[in-house]
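If you want the building blocks of each chain, they are given just below.
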Amino acid sequence: MKRSVERILTTHVGSLPRPNDLIALYRDDAPDDRLLPRLQSAIADVVRRQAQSGIDVVNDGEFGKAMRRAVDYGAWWSYVYDRLAGFELREERAKEGRAAWTFGSKERREFAEFYAEEASAGQSGSAGGAAAPSATSSARMYGLTCTSPVKYTGHAVIRRDIENLTSALAGTSVQEAFMTAVSPATLQILPNKHYKTREDYTWALAEAIREEYKAIVDAGFILQIDDPALVDIYDWWFSLDGDIDGYRKWAAFQVEAVNHALDGLPEERVRFHICWGSWHGPHNGDVPLRSIVDLLLKVKAQAYSIEAGNVRHEHEWKVWNDTKLPAGKLLIPGFVSHATNVLEHPELVADRIVRFAKVVGRENVIAGTDCGLGGRVHPQIAWAKLAALAEGARLASKQLWS
Amino acid sequence: MRFSKERILTTHAGSLSRPADLIEMSRARSAGERKDDAAYARCLSAAVSDVVRRQHELGIDIPDDGEFGKPMAANYDYGAWWNYAFARMDGFSPAESVPESGHKKSSVAELALTSYGNRRDWQTFGEFYQDPESSGALLGSAARRRGRRPVCTGPVKYVGQAAIAADIANLKRALAAAGVEEGFMCSVGPGSFARGEDLHYKTEEEFVYAAADAMREEYKAIVDAGIVLQIDDPSLPDNWDMINPEPPLAEFKKFERVRIEALNHALRGLPQDRIRYHICWGSWHGPHTTDIPLHDIVDLVLSVNAGAYSVEAGNVRHEHEWRVWEQTKLPAGKLLIPGVVSHATNIVEHPQVVADRILRYARIVGRENVIAGTDCGLGGRIHPQIAWAKLATLAEGARLASRELWGQSSGGRTAR
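Residue numbers (our numbering), protein chains in the order written: chain A, 1 to 402; chain B, 1 to 416.
Do not take every clue at face value.
What follows is a set of in silico ranges between Cβ atoms, one per label pair, in the way DEER data are often shown [to be verified]: (1) A:Ala94 / B:Asn75: 26 to 36 Å; (2) B:Arg27 / A:His155: 56 to 66 Å; (3) B:Glu326 / A:Glu176: 35 to 45 Å; (4) A:Ala327 / B:Arg363: 26 to 36 Å; (5) B:Ala31 / A:Arg34: 41 to 51 Å; (6) A:Asn259 / B:Glu181: 53 to 63 Å; (7) A:Glu176 / B:Ser115: 38 to 48 Å.
Partial chain A-side listing against chain B, Cβ under 7 Å, derived [claimed, not checked]: (8) His280; (9) Gly281; (10) His283; (11) Asn310; (12) Glu314; (13) Val342.
In case anyone wonders, no lab produced these hints; they're calculated from the structure. Note that the structure is a prediction, hence the values are computed from the model and not measured. Every residue gets a Cβ at the ideal spot worked out from N, C-alpha and C, and that includes glycine.
Given the sequences, and given the hints that come with them, work out the whole structure.
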């Protein structure tokens with residue numbers, strides 16, 4: 001994995017804005033002969049555009065993960081809908097919607113009026129959004145329940161994604177690319193009626209999704225595991241009782257499970273992303289990074305991508321003052337965020353980068369985003385944020401290598 | 001005005017979330033459905049009592065009336081802070097009776113404020129601003145619903161004596177009931193008020209000075225009542241984006257100096273230590289890429305005859321600007337009210353983030369000269385539950401900062 005040897009490198013968390021016609025093809029369940037050519041050209045475009053925007057470590061924008069509307073927060077995990085066997089839709093659970101997953105959330109009780117408005121306004125969480133929430137990717141997962149042995153069936157699709165990214169990179173000067181895949185901890189949010197215990201279930205999920213991890217690494221790409229669940233499950237399941245111990249026990253097991261899924265894969269080809277969920281809510285039930293950082297560092301990845309560019313987590317750079325980043329590891333803090341439409345000033349981005357560089361060493365910091373920008377902010381803002389990130393990294397590099 | 005003598009005091013920029021019954025009454029009145037003045041006055045007075053008590057209970061040291069006397073007819077409304085003044089003025093006609101003036105193009109010889117849709121940030125991010133699904137379009141759609149603001153067609157004259165007297169009475173009664181020593185009240189600055197269309201005055205300068213003379217009545221009423229006067233003047237920084245194409249900085253400052261001088265004219269004879277001056281770069285949820293740096297206008301800000309300056313500092317476009325105060329000395333005896341929580345994100349600031357921001361300012365300008373504030377008014381710009389949570393985290397952050405700055409004993413007043 002590339003490090004910031006001569007300057008601060010840049011990357012992002014994964015999701016980028018899909019072009020409207022690609023969204024329409026997914027929305028209409030277009031046949032492959034219409035979808036695939038456009039998918040391929042859109043990925044070529046998005047790779048080129050990242051490079052032009054000054055992003056060093058690029059990806060396919062997660063375009064192979066279906067997004068059916070412009071505002072959509074769930075494509076990063078709903079893609080497994082088409083790649084995992086063992087699940088069926090249970091109507092009675094689908095009716096519960098998101099509440100079936102967030103039953104233990106203190107924040108959702110305290111801010112019930114806000115969340116009720118959010119639900120009626122789609123996922124934008126503001127009075128501006130008015131699209132039907134049923135059209136979101138996550139809504140496709142409502143009611144999805146494990147009822148038979150879990151099995152990975154996405155071999156052809158991941159091969160397609162790999163080929164698209166490979167051909168998009170050809171002829172560009174990009175030296176490193178990554179591809180995202182979802183974590184076992186995230187998948188085990190889906191209710192289980194088949195396995196005897198949550199542990200058995202999680203283990204089976206790890207075995208299944210491992211096939212996707214392996215395909216990505218074998219193709220020569222950096223594998224990024226997306227694991228927001230590792231931190232946001234505290235809010236969803238444990239915060240009502242303030243049960244930090246129960247949460248840590250759960251999380252420790254999830255780390256074992258993801259390490260099992262990573263068994264035998266080279267650590268230096270893996271980065272691990274956590275965030276506290278990207279919806280535009282108050283997030284004051286987020287578990288502090290400090291409560292989980294020891295477990296996070298047990299994940300067999302070389303780099304850790306962590307939110308640090310929003311007002312709930314910006315102060316947590318101090319965690320690294322007394323938690324040593326192990327030698328050889330990298331941090332990819334978020335320096336620009338989907339959490340506000342306001343564009344980060346490049347000088348603020350530079351200030352944030354320099355803070356981290358001074359604590360963990362400049363060569364161990366790659367400038368990233370809090371979470372994926374696609375589907376979460378308007379495309380014009382998403383691209384402007386990547387440009388601000390690159391500009392901020394240039395300013396910081398000037399300070400750090402002057 | 002109170003200084004942060006023993007701990008960091010807290011306040012905010014003015015607008016707070018109106019209760020549903022007050023909004024419904026305002027809506028019905030503005031739609032011409034109902035006009036029960038006595039019932040409205042009772043509802044307003046009760047709402048002001050509640051909102052002062054609630055601020056006090058949350059740990060806000062210097063509260064206001066939430067700007068409840070400035071009617072808001074919908075849950076989301078970014079314009080009440082200056083729209084209210086049209087109802088308190090003579091000399092304006094409904095916009096429908098006057099043909100719309102289009103995009104005013106600026107030249108170096110003559111700077112001109114353009115319409116909203118022709119602002120530079122709006123032009124650069126046109127797709128975003130016109131997208132009904134993005135929250136930045138909120139202002140656009142609200143403005144479309146509201147229609148154009150009234151147009152000046154005759155001599156401007158302040159006729160809001162009864163309205164401001166009622167606002168003052170409501171706030172004073174509420175402050176006394178809550179046992180709060182200092183409260184503030186917002187009033188729009190002449191430069192910000194006189195941004196609308198004008199068909200009467202020969203020059204913009206005449207229009208601005210007429211607004212200054214008229215608004216002075218309101219300023220004086222507030223100060224005379226023993227309430228701290230806050231002048232809301234986002235136009236100072238915000239006009240930069242409204243001048244298209246971008247003007248030379250020196251010309252812009254000349255343009256703004258006229259407005260500052262008009263404001264100082266309106267404030268003549270009023271005690272500086274009873275006046276605070278609020279600027280922000282506009283509160284809509286847009287990218288704000290064309291915001292003028294504070295560095296470029298800080299001398300103008302400090303030339304306003306006020307004792308305190310309230311400035312955005314809690315959003316990602318302006319957070320880094322605390323460094324401005326390393327080079328620009330805050331004059332002795334003046335207060336700085338940086339925004340340490342913001343309407344710009346639904347995420348509630350972590351108290352430690354708030355404390356870190358306060359500490360940065362306290363170390364530069366002196367702890368006693370910093371009051372913790374908000375970027376802009378929270379009412380009408382974010383959900384009420386989030387607005388209140390942000391005031392609570394502001395108070396908590398100020399307690400954490402006070403503990404760092406004065407030691408364990410000075411943790412500040414605890415919320416009750």
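We went through each hint and held it up to the structure:
no., hint, verdict
1, A:Ala94 / B:Asn75: 26 to 36 Å, "holds (30 Å)"
2, B:Arg27 / A:His155: 56 to 66 Å, "holds (58 Å)"
3, B:Glu326 / A:Glu176: 35 to 45 Å, "holds (39 Å)"
4, A:Ala327 / B:Arg363: 26 to 36 Å, "holds (34 Å)"
5, B:Ala31 / A:Arg34: 41 to 51 Å, "holds (49 Å)"
6, A:Asn259 / B:Glu181: 53 to 63 Å, "holds (59 Å)"
7, A:Glu176 / B:Ser115: 38 to 48 Å, "holds (47 Å)"
8, His280, "holds (4 Å)"
9, Gly281, "holds (6 Å)"
10, His283, "holds (5 Å)"
11, Asn310, "holds (5 Å)"
12, Glu314, "holds (5 Å)"
13, Val342, "holds (5 Å)"
Figure legend: structure checked against the earlier numbered hints; every hint is met.
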